[in-house]
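Here is how the chains run, residue by residue.
4 protein chains.
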Amino acid sequence: MSEMLSRLRTELIAAGQFFHSRGWVPATSSNFSARLGDAEILITSSGQHKGKLDDGGFLRADLQGNALDEGKRPSAETGLHTVMYRRDPAIGCVLHTHSVNATVLSMRLDQVVCDGYEVQKAFPAVDTHDSHLLIPVFPNSQDIPALAAVVDAYFDANPHTVGYLIRGHGLYTWGATVADALRHIEALEFLFECVYRQMLLDR
Amino acid sequence: MSEMLSRLRTELIAAGQFFHSRGWVPATSSNFSARLGDAEILITSSGQHKGKLDDGGFLRADLQGNALDEGKRPSAETGLHTVMYRRDPAIGCVLHTHSVNATVLSMRLDQVVCDGYEVQKAFPAVDTHDSHLLIPVFPNSQDIPALAAVVDAYFDANPHTVGYLIRGHGLYTWGATVADALRHIEALEFLFECVYRQMLLDR
Amino acid sequence: MSEMLSRLRTELIAAGQFFHSRGWVPATSSNFSARLGDAEILITSSGQHKGKLDDGGFLRADLQGNALDEGKRPSAETGLHTVMYRRDPAIGCVLHTHSVNATVLSMRLDQVVCDGYEVQKAFPAVDTHDSHLLIPVFPNSQDIPALAAVVDAYFDANPHTVGYLIRGHGLYTWGATVADALRHIEALEFLFECVYRQMLLDR
Amino acid sequence: MSEMLSRLRTELIAAGQFFHSRGWVPATSSNFSARLGDAEILITSSGQHKGKLDDGGFLRADLQGNALDEGKRPSAETGLHTVMYRRDPAIGCVLHTHSVNATVLSMRLDQVVCDGYEVQKAFPAVDTHDSHLLIPVFPNSQDIPALAAVVDAYFDANPHTVGYLIRGHGLYTWGATVADALRHIEALEFLFECVYRQMLLDR
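Chains as they are written, first to last, in UniProt numbering: chain Y, 1 to 203; chain R, 1 to 203; chain E, 1 to 203; chain L, 1 to 203.
It is worth saying that the hints were derived from the structure and are not from the lab.
Just to be clear, a hint being listed does not mean it is correct.
Identical copies go unnamed one by one, so any copy, or any two together, can satisfy a pair.
Listed next, the in silico SDA-like pairs over lysine to any residue satisfying Cα-Cα at most 20 Å (straight line) [to be verified]:
1) K121 <-> M107
2) K52 <-> E11
3) K121 <-> G47
4) K121 <-> I144
5) K121 <-> P139
6) K121 <-> A179
7) K52 <-> Q17
8) K72 <-> H49
9) K52 <-> R7
10) K52 <-> H20
Just so you know, these numbers come straight off a predicted model, no measurement behind them.
Please build the complete structure, drawing on both the sequences and the hints.
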């Protein structure tokens, strides 16, 4: 277990440094997690700068979001991570980032629709640009259990969703591994910048 | 004292390198300070590039802005730092940066208003996105004592303000520590980019 | 041969790191190749992140796109590389990147036309800004042989073309050496950003 | 002399790396020079990538633009450097860069006018934002002696000009030292981005 925890922590620290270089984790926004086992995850602790994480910036939690390491408080948004791990045992990593484009689009749209972009193939089971990618936008809330219930219900009805936005608050996406979730972040941020630039040209 | 000075200098040098990587301290613009005690601050000296500071780029000053190190001249805008330290003993760091967005917004608006952004929670005593953040814009002036008096009067009337813009000249913000002030810079620059992009979409 | 392969691999790895720093190779998009001889190329293997390539991320292929290294699968788009090497023995490197600007322009234009830009001189046989550079846009397809045939036919009619876009999918360009192809990427991406900004100002 | 040459070369190499990180020296555009004495300059040689210069990428030239080092060819635009060194013995460095903003603005405006920006104080003899900065735009030409004559005549009439643009071709600025010229590049590029963003908001 310890070796796995150490490897995942290293991968999440590197992910945070990359996101910081792009401006996607401003201030103490964002949070990252990875699965340690059937009933346990590793997650960033509350109040850290996600671009400057060190080994101390993480703790273990169960799938109900209870801390398993004494004296540490998990991110306030832990419930939005655990809902995904409970839904799907194949999910090994959940990443939440907070870019300008994700924020601006989420404040102007009810969903982000992507058609005809080759990069849509970055997602599992998509093998052509000639597909239709829909990223829903949920209203923001400080009541995380309520927000997690909204997400859970949406996924019951739309199981193939690859990520979602919270209004004014950023992006959640996931994958089997940290590398997979990271690829989804890169693909979605790329698409958000494309959609923003298209909107500017369309006015 | 010497150890504290050394640590704060190191933190301000690193802050400057980060700002430079983002393009927020062009030419010899911007200046940074941190509190050394009840009546003393550390501040960048005049004419330095703030992205390439070394230990020699700082001097000590009292809260009236007088140099306490012989042969060095504090930044011309020292009075805008000292007014904050005099107002509030809890302030440990004042940062002034000079980004394109801060400059452009300050030339077109009398205040920057932010509503519904999750990142507003980066500021003390804000615990929901459902708050209202107002960043005032003051006219620029080469008469720093006069400008400091305008700032001082504004804060008497609006004590919860977290930062302000000077027209065509950039951003001032602060915090209990260098890390707090840095978080405020990151949050405000993120918000300025969001507001600019919203303005483009709104035309 | 081995020394040449090693040198070209190193150059392509560095090219990928540079493109990643600019955001031009998101997720596992893009692919790179270089000529090893009359009938052999080095090409990135399928599914790699092109900003984090290592020596294992490449394989040798013939000019029909067949793998020459056992157990490795070349990029799905190998046929768009080999068509160029077959057409012109002077081509030593083919680079495909995937930037936001290339994507957005390719979804709105049938060709990108550049006039009066000094940087047009980055291309062979262009010695004045007072030239006319035309980058065609081809419809995207998951049928690479069909797409390669479209490209081949276009070049029969337009032999002096220096690069092309695939709709929603990015840029292909080439050169005698990796350095030459890299210079063409830089020049074309520069021009795409100029054209995008001009389009915004023209609305 | 040798120590001075070595120091200036190191400073120009570092300047090129910084410009490259900002995207201001795409492909083999741009060129840099510094004064070695009353009648001699150091200048980048033709065809180099200005973000990856090494010691071999420079040569000495006289103030008429003749190479003083055998076997090396100075930049095609050497005449635009030497005209400045001949005009003013206080000039120690001339930098030419090639950014997207400089290019786009130069293709839409006959002059770039800046008013009310604090960063205008980056230029000699400007001590207030309440000044008026005018950057002229000259038509591009491959006839460098003719272009140098246009520049020379303009400066006879407008001796306080701090930089100029060539249409579709980028920026020339200078200073007493490499650091001074670099500060002017940073200030002008900052202003160009501000002016571009203002133009977008003004449409």
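Query raised in the report: Going back to the hint list, which numbers does this structure go against?
Result: none
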